[in-house]
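*Asks:* So the sequence lines, in the order shown, correspond to chains A and B. Our numbering numbers the first residue of the first sequence as 1 and each following residue consecutively. Our numbering numbers the first residue of the second sequence as 1 and each following residue consecutively.
If you are wondering where the hints come from, they were derived from the structure by calculation, not from laboratory data. What you are looking at is a predicted structure, and each value in this text was computed from that prediction instead of being measured. One should not assume that every hint holds.
Unchecked claim - Under 8 angstroms between C-beta atoms, here's a sample of chain B residues computed to sit facing chain A:
#1 143
#2 147
#3 328
Claimed, not checked - Stretches of chain A that chain B covers, calculated by requiring three or more beta carbons in the stretch to come under 8 angstroms of a beta carbon on chain B:
#4 107-116
#5 328-335
Glycine included, each C-beta is placed from N, C-alpha and C at the ideal position.
So the chains spell out like this:
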Amino acid sequence: MTNFMSRNDLLLLVGFTAVVLTMPIWLTPFGAGYPDLLQRFMIFGIFAVGFNILFGLTGYLSFGHAAFFGVGSYAAVWSFKLLTLDAIPAMIFAVLISGLFALIIGFLSLRRSGIYFSILTLAFAQMSYNLAYSVLTPITNGETGLQLTLSDPRVLDAAIGQSFVGQPVPTLLGQQLGGYAGFYFCAGFLILSFFFAQRVAGSPFGMMLKSIKSNQTRMQFTGFNTRPYALSAFVISGMYAGLAGALLAVTDPLAGAERMQWTASGEVVLMTILGGVGTLVGPVIGAWIIKYFENILSALNDNILTQFWSFLPEGFAEIVVKVTSKFVGDGWHLTLGLVFVIIVIFLPGGIMEGVRRIAAVARRSGPPGAKSHQHQPAE
Amino acid sequence: MFEVIFLQFLNGLDKGAAYALIALGLTLVFGTLGVVNFAHGALFMLGAFCAVMFRQFLTLETVTIDPTQTSPWGAPLEIRTPLVQAWFGDFGAVLVNYSVPFSILITIPIMLLVGIALERGIIKHFYKRPHAEQILVTFGLAIVAQEVIKSIFGPNPIPQPMPTDLRGAADIGSWIGFQANVITYPLWRLIYFLFSVIIIGGVFAFLQFTTFGMVVRAGMADRETVGLLGINIDRRFTIMFGLAAVVAGMAGVMYTPLLPPNYHLGMDFLVLSFVVVVVGGMGSLPGAVAAGFLLGILQSFASMTQIKAIVPGIDQIIIYLVAVVILLVRPRGLMGRRGVMEN
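Here chain B stands alone, though its shape is the one from the complex (with noise of 0.2 angstroms):
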């Protein structure tokens, strides 16, 4: 039985670890620039696609035909290589192996870019605004950006495959003193979960121990004492935008092997990532944190065949079900501020 239980807490892991990196960029968003981000599950999906058009890049081939072999058909062969593979040869072949994490490497300054473009051109100009129109300018902003991928990549799925050495199953129960294969876990989902603890630790970290994180969380207090010392707090906190897009990004890219991405996942994880956030409570950060774990693995309870028996249809309700239950029990969600987004 504690085998049953603890392979479905592995299993609601992974969901959890991309809704707690979505739920946490929302809320530095939120927490430094007050603005609500109806844009952030586009900037996921954008990171995905990032990962989708490196693939597409590195596997761009050169056709060369070799007469001295003939196919089945009788023709002369050709042969297809990947041009890196043609240029960098064995190196090539393990780019183009590894594409989902080399991908990272160009995410990282395509997020920066546009998260610091996005909020130096529009969001900026709605701080003063209502909340309302935030969020309506930038849901307007997801779906122009949804609808452009869809005109480059098409509106079907693009699956990228994980690398070869990563596709197995991690025996995790003969680790930690239980029979071999009992508890398996596939390999590339328990990486996810790990860098998600690294990006979450490394988010965490750098707020609380550079400078830069000082200045920060003192804006975030207080926004307009900071700036009266002289510092100018709106572009760190256009850094911090960029930031949080790029954390998303990578959550996005990471997550394309588990799930095939498409132009409507941003939204698909959106509105789950809006509840994560609004559970843990606008504004803390490790209350979204808290939130994307505890509703992933609990999703991942809800689908077991044992308790859908008992209570049917509760998979497909879970996550809003506890929303409601924890949003009228606790007014400010898990860890909100008192007077944050209530009016």
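In isolation and in its complexed conformation, chain A is listed as follows (with noise of 0.2 angstroms):
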């Protein structure tokens, strides 16, 4: 076991796993125990696991991953309209076909770097949202988004003589993947995911990821060829990000072109910096923050701003609710771009780096033994 894993590594998976699955636990008190909210929490922490192997250990910025997310979605749709609504064989297809696309994408993106690299990508995924919305519509159904109907062929399904009743939902085995099931069917992906990457963050792959990271050009003059390694983890982030979109399909089976779009690539870009660029923990963290605050910041409104500030003194509440109110509801990618401004000037490395700030001053206030420990990264 000692081989296979280290104890570190074991632990901070045990760890993670525990916090996954007792999320609709301890996560109703604070107003987002439910199924569609965490499966969400799920889908795009997968989402942003992926990213992070590619600008995290590979130091790429792509601006072009929603593209991915959205051939996912799409991918995993056909296979419940032409296949079957069984989920399984619906993400294989998403994975192998946003896998694909990530192929092609990667090795023409990957002759560039730098700048030049994210304009490429950001160039590709804008030409497959707008082929989305205007000539791929017998696709991709163009605005009103691909969605299943009754008289979808579902070959595999007919076949076994299977049939439905009223609207088709995707299924596991015959068992409908609405509600806390299709949480937990997200939440066992989102794990394995996490175990994925820890394996490729310590295996030596990763290490040839980290090490084009931070000098590329030493690496080339070592002898390496660095292209496959570095198309490598293009593909396997992109597969990530196809696997998010299919589980988004399968939670609500509807894929629209706006998955693709440009800021859709940012949001993944914002939540990997805001929970810290290459750790493994941290871009999970960021997509559970910004969903988390999308949902609950946008639902407040001046009524139960009202409510929160009334112990305040008569005229002085209604001036704090009218400026607080510009921060909520609507407002609310106000705050975080405050936020996400502060973070990149005061904690570049994002919430893990203020993590392992506080720890290290924990640390120094405790044992004079355990300062040697300072220069390890939190995990």
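From the two separate chains plus the hints, produce the assembled complex.
*Replies:* Put into structure tokens, the structure is as follows:
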């Protein structure tokens, strides 16, 4: 067992699993304990973990990852329509298609580095988005979005004589994947993805990726061809995005082109940075925080605020309500932007760096022998 | 046939002019400060909202009740007069009519202040940080700027009327020897194009023929040495940032009659103008201008029905397609310098 995984890694994995699986319990007091939001936590967690393999480990900033997310969604919905309503074939199909898509885009984009790479990925993603809206309407159903209908062929389901009554929904071995069943299905995939990312980061392959990030030129002078490694990282993270997109299609079988827009790509960048680039847990936490505030802050309105500030003196409370209402509801992006700017200025390593700094302070005030651990990252 | 091609060429000019102006400012900031400024589109949007604000201010009205006349439904007639008209008479009316060009006068100081405050307040701390962090902090600033505008002016586009005298179309065809009314072009677009030519020419002349510009160019080439010569290069670069903000702001002001500004105007233009800058080559001013006009004109040709009949959907992707092809064939864009922004 010690050869397979270090003790720290194992502890981290077990802890992560426990935190994820008990989420419906400990998030209820925060008003987030409902399946729909929890599923999104899992899905965007997977997206961010995958993005981090490319951006955090390899150092390539892609501005077009939403394209793979969208392709995954479309592929999964097509699998529901043509093959079967079972989720597993849809996931496999989606991951393969988005991996293939990532292989093509990555092969072209990785010929350049730096901002030229970012713009290439952005250009490919915007092309996919614009095409999905216009010419590819037969495949994507344009603005309406791709959805399931009763008249879909579903050849595999038809072969075993299975038929459905009412609106078709994705299933797993005949069990419907709504509510908490859907959450645990996504949670399983998040834990698996996390485990896989952990293995990648700790493997010799992961070391290669990290060294590409720190000095690609030196790597090439030492005689390594870095391109296949970077391309593998790109494809892996594209597959993660496809998996996340497919899960979104499983929980809500309607795929729309707006998932591929560049703002969606920007969002996953924000998640990764907010949590902590290059750390394992950071991106997941970043995704959770953004999705949590997106749902909670945007649901607040003036009435709730008035109640919340009612302990303040008359007149003064009204001013406070007026000011705070600019930061919640429709204006929650303002809060997001401000938090983001502050994080980038003061904590470039994101929330994980904050945790590490607090831990360092706590350790300094503790026993003196513990100081030698300081150069090690938190996980 | 020639008329059609010439007309499409003209149609591409005004959009190309907007791309070129934004890309010029972006390149200016990148070339001097070495900062990748994702908030530049937001500066364009802020400029556009300077025009909106100026017009809203000019059209503040007083309501007087005229008891001798009655409105169609019997109540005393309310006469609304803009305050400026009440104060300045005919000059006030002209001011309201020409609010868009006049708002440039207030845009210049506002954008200069915004630009300098932004550079001194935040961006100055990011010179030594990696480009990824510069992108992120300016991206965050862009979100903040657009959300502030949204909470003040609301989410809907606010149309800005162009001056009544400039609403018609110019019969360019007859000027250069074609039949009358074959090639007509909206007057305001023509003005926008000429305006951008003047601004671009002004920026180049400023850099080429003034001592200040010479020092800035020297600083772009070798910042350290210029600093060692006892010149406060940082202050000049700050002013250049302010200048880039002014250029973006003026481009935004003059664009408002063509496209009613809303809060995400900046983001819409940002992505395209980054593509423009990269296609032109990071750090090359002529490259940025050339790429701006090139992509604007190509986009206009791609939206011709004849071309769309051959390649469906080409108008949606042409800019990105050209960007991909140019970047793959010419690693540093059209005129980029070696070793800039490649790692």
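*Asks:* Going through the numbered hints above, which ones does this structure break? Give me the numbers in ascending order.
*Replies:* none
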